[in-house]
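Asks: When you get a sec, could you build the whole thing from the sequences and use the hints?
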Amino acid sequence: MTTQAIRTEQPLLSVKDLKIRIQMDNGEMKAVDGVDFEIKKGKTLGLVGESGCGKSLTSRALLGINPKECETSGAVLYRSATDQPSEQLNLLSLDPNGKQIRSIRGRKISMIFQEPMTAFSPMYTIGNQIMEAILIHRTKNKKEAKRIALDMLGKVGISDQEKRFDQYPHEFSGGMRQRAMISMALSCNPELLIADEPTTALDVTIQAQVLELMRSLQADFGMAILLVTHDLGIIAQMCDEVAVMYLGKIVEQAPVKELFYNPKHPYTKGLLRSMPRLGGNKSKRLESIEGSVPMPINMPPMCGFYDRCKDRIEGVCNVRDVPKTQISEDHSVRCFLYSDPHGGESQ
Amino acid sequence: MTKPILDVVHLHKDYQTKSKTALFGKPKNVRVLNDISFELFEGETLSIVGESGCGKTTLGRCIVKGISASSGEVIYHTEEEERVDFLKLKGKEAKKLRRDIQMIFQDPYSSLSPRMSVYDIISEPLVANFKLKKSEIDDKVADIAEKTGLNTSYLKRYPHAFSGGQRQRIAIARALITQPRLIVCDEAVSALDVSIQAQIINLLKDLQEQFRITYIFISHDLSIVQNISDRVAVMHLGRIVELASTDALFGSPKHPYTEALMSAVPQPDPERQKSRIILEGEVPNPANPPSGCHFHPRCVYRTDKCVQQAPELREIGDRHYAACHYAEELNLRGVQDESASIG
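Chain order of the listed sequences is A and B. Residue numbers for the first sequence follow UniProt numbering, so the first one is 1 and each next one is one higher. Residue numbers for the second sequence follow UniProt numbering, so the first one is 1 and each next one is one higher.
Simulated from the structure, these hints should not be mistaken for lab results. Computed from a prediction, not measured in an experiment: that's the story for all the values here. Glycine is no exception: its CB is placed at the ideal position from the N, C-alpha and C atoms. All clues given are correct.
In silico negatives: residues of chain B with every beta carbon more than 12 Å from chain A:
1) 77
2) 92
3) 132
4) 158
Which bits of chain A does chain B cover? Going by a derived footprint, with three or more residues having C-beta under 8 Å, they are:
5) 200-209
6) 224-236
7) 256-268
8) 272-279
9) 287-301
Replies: Structure below.
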């Protein structure tokens, strides 16, 4: 193998044993508990799970923008694909207010948020806010920054850019604001875009537009996307690889087709079955997962899905932590049904 | 044919806004419900779908008299087969009928008072409407709690102690306790996670079977609508643009808007990435609706006729209504019935 080949094999970002703890009045909450994943250059990784599973905290931890209460440990190793020579950085070890991480935020890794209503400041024009990032990272020339911003607005499908540039966020509709946010996030040509529920607040017709836009921009700019969502439909359409999170852990990770056609973890199976789908059999009862997600406070070492699982094995699943089992080269699952009966990490 | 339970006849709702042209200008009329008519049969589920701002929630609230309609009638067929205009009723009579029509709201975090215990929340409609002994109320609350899957030992707790799914069960129990005949569910499962959503949908279906309740199910999620409803009404900018049985609507839609809505839903199947119709532009502003057919700026099939003339909602097949000039001619794509092999 040539050195060149090894370089392309290297992931853009790899998360290793990420843990986020929050101290609560009634104990320690393990909001994120040992998450590992890799994001490859130009690919889309989907992070899917229900509310409270830690998917948003995980995505924010990459940029170090979680609130102070979150005690974060582990490593987020980032190696720029464009900088020559590039050095590997552990983003978690950087000072969250320091110069180095700020040169990465918005420049190399940028983020779009769920609520386009609250992500913009109501006091500044849209154009001003898009220009801000460009002026920090790309150029000091205001005229040029404005030209880049107008260009970006055009790329995300906002017509009449000159007029829109000087408007305030309240003059934009929800879909337009989300487009403007995407243009802001992409204005510095990032290597990784973190999209946290980017279309949840939008109507289906507008959602289709925004997803289409993200896909075509990915083709143009070649950035990687970390897509955080609860919607399996969006995952199926957008992602190359999927990680399913439950209670702070990744319970299953696989390429998208493998996950949808050959799911292994009982939670993944349950999620896929409980989703009503268009064209499905109407009279059929939806299969639901009984019970609800427990709070991860003072959890004993056991499988978090134990109480809701149909295939649970008493005396096995509820007495120790579940190791990760590699089913095939790129398909892994955290479930005792597939693990080595002798226990231990079977990687 | 089953008995009708509700007739909505030419319902209109206007709001006044301040004119944008001048500070002291004349107020402008915004028509949010425009000539809504449909009938509802006992024991069925009629879903109302549409994008945000299409008036579906306003319609639901007008029916339960949460807000007053500008004109039109909501004829309610009582159990004694009397026909009364629910909107015109006042005082005692209205109060009596309100027991029959209940509502479940979208957000279980804001629809339950944080200062009332679950027992108080569920029993409040009984206390307000019936003169019952304490023991009778206790029995009824325990009974309904059990039917909705709530643990009766938790009744003394307050809403903050419950998860979203549990809270929605409390809201359902409260709606059911007066033994209503009709429940308006306004986005009743939208705020819930997928696995919990399925539980609540199944619960609503079971309760319908058990008590023969009629639902008006307001939702923006077409996958859920297809699963739960007998008939579906599609709304666009204050009008019903298509109304048909679920199978007919999803199998062969007759309005381009319905087709586009269905096509926009992301399918949870990586192999099924069909060519999608992506609507251009956004939902028009109801304060300044487009001429002719309100959908024409976004419609791929539009002609000059659509720009000039507004189509009426008309019957084009067996109880299949659509408001499109070309409903008969267009060959629109529905959703294929695929027994998916996923999961």
